[in-house]
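Asker: Each chain, written out:
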Amino acid sequence: DGGITQSPKYLFRKEGQNVTLSCEQNLNHDAMYWYRQDPGQGLRLIYYSQIVNDFQKGDIAEGYSVSREKKESFPLTVTSAQKNPTAFYLCASSSPSWEQYFGPGTRLTVT
Amino acid sequence: GQQLNQSPQSMFIQEGEDVSMNCTSSSIFNTWLWYKQDPGEGPVLLIALYKAGELTSNGRLTAQFGITRKDSFLNISASIPSDVGIYFCAGLNTGNQFYFGTGTSLTVIP
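So the sequences go chain by chain: A and B. Taking this note's numbering, I'd label the letters of the first sequence as residues 1 to 111. Taking this note's numbering, I'd label the letters of the second sequence as residues 1 to 110.
The following block holds chain A by itself, in its conformation from the complex:
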């Protein structure tokens, strides 16, 4: 079954700790994305990567970091510098025809 997996589904952290969210895809897509979803708002782009070993900042990259060492994997680290990290995080990948597919999401709660 082809798709995108994100783990864990729920994540709890104390303020001041870095946390890494996993995203893996077996769709053989070059492009991958991280979005943040907050209640009542549209998805906001954090980082995206069009190819391995390359990535660009999105609209709200401050306090986040990513890596793209493998085509299948695009982990997101939420650092202690992110002022309001509690949110629902969605990973996505897109096909060459720009159909974008999403993973199931990770809900991060920082207290």
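No lab work stands behind these hints: they were computed from the structure. As the structure is a computational prediction, the values presented were derived from the model and not from experiment. No false leads were mixed into what you were given.
Derived EDC-like pairs: lysine to aspartate or glutamate, alpha-carbon spacing no greater than 16 Å straight-line:
#, chain 1, residue 1, chain 2, residue 2
1, A, K71, A, E24
2, A, K71, A, D30
3, A, K70, A, D54
4, A, K9, A, E24
5, B, K36, B, D83
6, A, K9, B, E41
7, B, K51, A, E99
8, B, K36, A, E99
9, B, K70, B, E54
10, A, K71, A, D54
11, A, K9, B, D38
12, A, K83, A, D38
Dock chain B against the given chain A, drawing on the hints supplied.
Answerer: Showing chain B alone in chain A's frame:
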């Protein structure tokens, strides 16, 4: 970043009724995508549109790519309880960046 104007924000309809929602933008898009999202889950791609004027169906869902390339419409015919959820649009601009609507919350009353 740019967000798309999506309306209505919410809809409460009787089972069996048809539903219409739309997204508008001040910019031109090359691709329009429509998604359905259930609470706490990732969005699921429903329909992709690639050409101005294109009309595409997926079962009871029909979507259209507006002629001006600045809007798109989604219709759901003969709604059923499992249609409940949040529907949102996404547009791909000429710089290959995706932008998203804020969603339409659909409630179907049996």
